[in-house]
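Undergrad: Take a look at the letters that make up each chain.
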Amino acid sequence: MLLELREITKSFGGVRALKGVSFDLRAGEIHALVGENGAGKSTLIKVVTGAHAPDQGDLWVQGQAVAAMSPTRARELGIAAIYQQPALFPDLTVAENIAIGLEPGGVLRRIRWKERGDRARRLLERIGARIDVQTRVRKLSMPEQQLVEIARALGAEARILIMDEPTASLSDQEVDRLFQVIVDLKAHGVGVVYISHRLEELPRVADRVTALRDGAVVGTRRMDETSRGELIRMMVGRELKAVFPKTAVAAGDVVLETRGLSCARTGVRNVDLVVRAGEIVGLAGLVGAGRTELARVLFGLTPADGGEIRLRDRPVKIPSPGAAVRLGVAYVPEDRRRHGVILEMTTAANITLATLRQISRLGFLDFARERAIAHDYVARLGVKTPSLDAPVGNLSGGNQQKVALARWLVAGPALLILDEPTQGVDVGAKAEIHRLMSELAERGLAVLMISSELPEILGMSDRIVVMRSGAIMGTLERSGATQESILELALGHTAAARTAS
Amino acid sequence: MSTSSAEVRSNGILAALAPHRRELSVLLAYVVLLLVLAVVAPRFFRPDPIRALLVSNASVLVAAVGMTMIILCRQIDISIGSIFSVCGVAAGLLVKMGLPMPVVGLGTIAVGCLLGALNGLLVAGLRLPSIVATLATMVVWRESLRYAREGQFVRDLPPSFQWFGLGQALGQTAVVALAAVVFVVFAWSLRNVAVGRSVLAVGSDPEAARLVGIPPGRVIFGVFTLMGLLAGLAALLNAVRFADVDPGAGGGLELQVIAAVVVGGTAVTGGRGTLLGTLIGVALLGSIGPALVFMDAKPQWEKAVQGLIILAAVATDALERQER
Numbered sequence: 001m002l003l004e005l006r007e008i009t010k011s012f013g014g015v016r017a018l019k020g021v022s023f024d025l026r027a028g029e030i031h032a033l034v035g036e037n038g039a040g041k042s043t044l045i046k047v048v049t050g051a052h053a054p055d056q057g058d059l060w061v062q063g064q065a066v067a068a069m070s071p072t073r074a075r076e077l078g079i080a081a082i083y084q085q086p087a088l089f090p091d092l093t094v095a096e097n098i099a100i101g102l103e104p105g106g107v108l109r110r111i112r113w114k115e116r117g118d119r120a121r122r123l124l125e126r127i128g129a130r131i132d133v134q135t136r137v138r139k140l141s142m143p144e145q146q147l148v149e150i151a152r153a154l155g156a157e158a159r160i161l162i163m164d165e166p167t168a169s170l171s172d173q174e175v176d177r178l179f180q181v182i183v184d185l186k187a188h189g190v191g192v193v194y195i196s197h198r199l200e201e202l203p204r205v206a207d208r209v210t211a212l213r214d215g216a217v218v219g220t221r222r223m224d225e226t227s228r229g230e231l232i233r234m235m236v237g238r239e240l241k242a243v244f245p246k247t248a249v250a251a252g253d254v255v256l257e258t259r260g261l262s263c264a265r266t267g268v269r270n271v272d273l274v275v276r277a278g279e280i281v282g283l284a285g286l287v288g289a290g291r292t293e294l295a296r297v298l299f300g301l302t303p304a305d306g307g308e309i310r311l312r313d314r315p316v317k318i319p320s321p322g323a324a325v326r327l328g329v330a331y332v333p334e335d336r337r338r339h340g341v342i343l344e345m346t347t348a349a350n351i352t353l354a355t356l357r358q359i360s361r362l363g364f365l366d367f368a369r370e371r372a373i374a375h376d377y378v379a380r381l382g383v384k385t386p387s388l389d390a391p392v393g394n395l396s397g398g399n400q401q402k403v404a405l406a407r408w409l410v411a412g413p414a415l416l417i418l419d420e421p422t423q424g425v426d427v428g429a430k431a432e433i434h435r436l437m438s439e440l441a442e443r444g445l446a447v448l449m450i451s452s453e454l455p456e457i458l459g460m461s462d463r464i465v466v467m468r469s470g471a472i473m474g475t476l477e478r479s480g481a482t483q484e485s486i487l488e489l490a491l492g493h494t495a496a497a498r499t500a501s
Numbered sequence: 502m503s504t505s506s507a508e509v510r511s512n513g514i515l516a517a518l519a520p521h522r523r524e525l526s527v528l529l530a531y532v533v534l535l536l537v538l539a540v541v542a543p544r545f546f547r548p549d550p551i552r553a554l555l556v557s558n559a560s561v562l563v564a565a566v567g568m569t570m571i572i573l574c575r576q577i578d579i580s581i582g583s584i585f586s587v588c589g590v591a592a593g594l595l596v597k598m599g600l601p602m603p604v605v606g607l608g609t610i611a612v613g614c615l616l617g618a619l620n621g622l623l624v625a626g627l628r629l630p631s632i633v634a635t636l637a638t639m640v641v642w643r644e645s646l647r648y649a650r651e652g653q654f655v656r657d658l659p660p661s662f663q664w665f666g667l668g669q670a671l672g673q674t675a676v677v678a679l680a681a682v683v684f685v686v687f688a689w690s691l692r693n694v695a696v697g698r699s700v701l702a703v704g705s706d707p708e709a710a711r712l713v714g715i716p717p718g719r720v721i722f723g724v725f726t727l728m729g730l731l732a733g734l735a736a737l738l739n740a741v742r743f744a745d746v747d748p749g750a751g752g753g754l755e756l757q758v759i760a761a762v763v764v765g766g767t768a769v770t771g772g773r774g775t776l777l778g779t780l781i782g783v784a785l786l787g788s789i790g791p792a793l794v795f796m797d798a799k800p801q802w803e804k805a806v807q808g809l810i811i812l813a814a815v816a817t818d819a820l821e822r823q824e825r
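Residue numbers (the numbering used here), protein chains in the order written: chain D, 1 to 501; chain F, 502 to 825.
Be a bit skeptical, because a hint or two may be false.
For the chain F half of the interface with chain D, some residues (derived, Cβ under 8 Å), not all of them [what the hints assert, rightly or not]:
id: 1; residue: R698
id: 2; residue: P716
id: 3; residue: L812
Where chain D lies over chain F, by a calculated footprint (3+ residues, C-beta under 8 Å) [unchecked claim]:
id: 4; segment: 666–676
id: 5; segment: 786–800
Since the hints were derived computationally from the structure, they do not count as laboratory data.
Keep in mind the model is a prediction, meaning the values are calculated, not measured.
Glycine residues also receive a C-beta, built at the ideal position from the N, C-alpha and C atoms.
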C-alpha cells in the first residue's frame, strides 16, 4: 500500500469539509477520485500534500504513519501533485524549472549547467516529450507545461502522483499522449490519484474509482465493474439543507434575451438565453464551465464579440460595467470579500455606492438622503450591523452579502445577476438570502443565479440552464429537473463533449 | 438599528474619535513639539516667524492636497517637483510677455493641468505603473528645463508679479488665504462630493469599484490631472514670493510632499486617509527647520529629524496593521 488515509476529518470555521474520509492507493495503480464541486476532493488532496493539516485521522505513506505532514515532508516522501494550472516559473527555462528542489547543496553552491540540462533532457525523454530544455516555460503550451511538471515529479522520484484535472485544457491528441505517460508511470510502480470531471475518460486509465459527496466517501468501485450512471448517482444527492424554496410567480415579460452571444477571449460560445420578469433562472455547471464568464459578458466586464443582447426587447451593447448599470443590469460577484463590497467603507457608503447619482444633487452628496436609504435597506434586508458608519469589513459574510445585494436594490435594476450568492455564508443567512431572492422575483425582477450547489439550483430556480465549456448544454424546467439530469448535462455526453473542448 | 448619533452618545467622544486615531496621534506629536518650543524658545511664537512659516508652507500644502488624492487612489506622482519648476518658469515667462496677472495665473495652472493630464494618460491610458511613468516625466521635464534655461533665473519681472503686486504684507496674506481656500474646498469635497467617494472606492478596491460601474481609469486620470493643476497653483504661490523665478525651485518637492502625506496618515495602499491628516503632516514637517533654528540647534539636522518622523509614522502604521 503506497498511501493510506484513515478517517480524515477537516473543518474550516465550523464547515466540515471532510467527514472521516478513508482512501488508499496501491503501487502501480491509478485511482480516480470523482465528486461534485465542493465534495471535498481539493481538501483531501491538500491534506495529502501537507497544505492542510487534518483535524483528525491518520495518514500512512508506504506503511509508515506520518504524524505531521508538510509540503517539504510530502516531497521527501515522494508525493507530487500536478494541478490544472501548471505551477512553474514562467521566466525560467525548462531545465531550471526541473532543477528546482532537485539539486542538493546550499544557496552558494556552484551550478553545473551541463548536468542540469542533461537531467532535464533525460527526464523529458522518459515520458516521451520533445521539448527543448533551454526554452523559457512562458513559451510552452499548456500540455507541454504539464509534461514539464510530470518530468519534475519524476526527477523528485515521486512514488505518489496526484493529478487534479490534468486533461481540462488538453486536446484529444494531447490527452492520448498524457494517458500513455500515465500508463507508463504505472508500469514503473508509481501510484496515481487521478481527479477528473470527464467520467468518459476514466475507463481508459483508472483501475479503481472513489466517489466523494459532502466530504464523505460514498463508495469505491473497480472501474470495470461500474458505469457512468452509477458514478453520477453516487456523486449527487447532497443534503438539501437550508434552502428556502422559491414561491411560484407567473413569469412576466422577457427582460433579457441573448442570441448566439459569444466572447472568444473568455470562451463563452453561442449562448441563447432568456430570462423573464419574476423568474429565477439557475445557471448550473461545473467549476470552469463558463458561467461566471457569461455573467461578466452580460455586465460588460469582458464585452461580447459576437451575437446579440436584448434588454426589455431592445437590442443593446454592453461595453462597460457603467453601461450595464445604466441599462439596469446588476451583478453581485462571487468573490464577495474581495470585490463584492468595499471593506474599508461604511455600511451606508457601500449601500449607496452604485447609485451615487441618486443621492447627490449637482454632484454634492446628500447625507440625509444617504442615511435614509441605507437605514431603509438595512431594516428591509435585516442586515445586522452595529451602525451605518461601521466599516463593512466588520460584518459577517452573510451580512456583507446582504449589503452587496442592498446596493443593487437601491439602483432598481431590471436584471439581477447573482454569482454564488450564498457561498460561505452561514445557514441562517443563507435561508434569509433565499427568501429575499424570492421576494425580489415576486416584485418583478429577473434573476440569473449562478450556483454550484445543486440543491440551491433545484430549490430556487424556475428554469435551470446547464453550461459546459462556455456553451449551454440544455435547459431544464423546474418540474422535470433532478440532480442526476443536471449533472448528466454538466458532465457532457461522451462524443459531444470531446469536440466541445 | 441605532442611529450613529445615539451611538456616539452611548460610547462617548472617544469612540467617535476612534476612526481618526491616526490623525490624532500626529496632532499630538505636533502639540508636543509646540509645547517644547513654548518652553525652550518662546520667540518661535512671535508673529514674524509664524507668518514666515505659513507663507513658505502654503505651496507645499497645496501640492500635498493633490498628492493625498493620488495616494488615496493607490498611485504615486514623483514628477510634481519637475512640474512645479516648469510652471514657475512658465509664470515668469508669461508675465514678461506683458500679460495681466490673472491671465498669468490661469496660464500657469493650465500648464500644470496639461502636464498632469499627460501623467494621467500614461498611467490610466497606457496602464504604466505610476512610479515608472512619473519617473520618466520627472526626468524629461527637469532635463528639458535645464536645457532651455541653463539654470538661468527668470529676471527683470514687472512689479505686478511679486506678491501679485499687492505689496508684501497683503501679498503674504493672499498666498496663505489661497492655500487655505484650496485646502478647505478639497477637504470638504472629498467627503461631500460624489466624485470624492469614487476616489476612495477606486483606492480601496479598483475591481470592486469597476463592478459597481465606477470607471477606475477615468478616476485615476482625473486625480493626476488635478495633481498637475494643484502643482501649477503651488508653483504660482511659491514664485510670487520672490523677485526672480528659480528654475530649480521644485527640486525635491515630491519627496517633501509625499512625506507630509504619509506622516499625515494616508495609507500608501490606498483608500484610507484624510486631508486633515495631510495638513498636520505638512505643519509638523514644515516646523522642524524653524524649530531647530529657534532652539539654537544646527539647522543641518532638519532632514534627519524629518526622516525620523517619517520612520515613526510608517512604523506606527505597520504595528497597527499587525494588531488587526
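Undergrad: Give a verdict on every hint.
TA: Now the hints, each set against the structure:
For R698(F), the interface hint holds, the least distance from its beta-carbon to any beta-carbon of chain D being 6 Å, beneath 8 Å. Given hint, P716(F) at the interface with chain D, holds; its Cβ is 6 Å from that chain's nearest Cβ, closer than 8 Å. A least Cβ separation of about 25 Å between L812(F) and chain D goes past the 8 Å threshold, and the interface hint is therefore violated. Using a Cβ-Cβ cut-off of 8 Å, 0 residues of the segment 666–676 of chain F lie near chain D, which falls short of the minimum of three, so the contact claim is violated.
With 0 residues having a Cβ less than 8 Å from any Cβ of chain D, the segment 786–800 of chain F misses the three-residue criterion, and the hint is violated.
Hint check: violations occur at hints 3, 4, 5; the rest are consistent with the structure.
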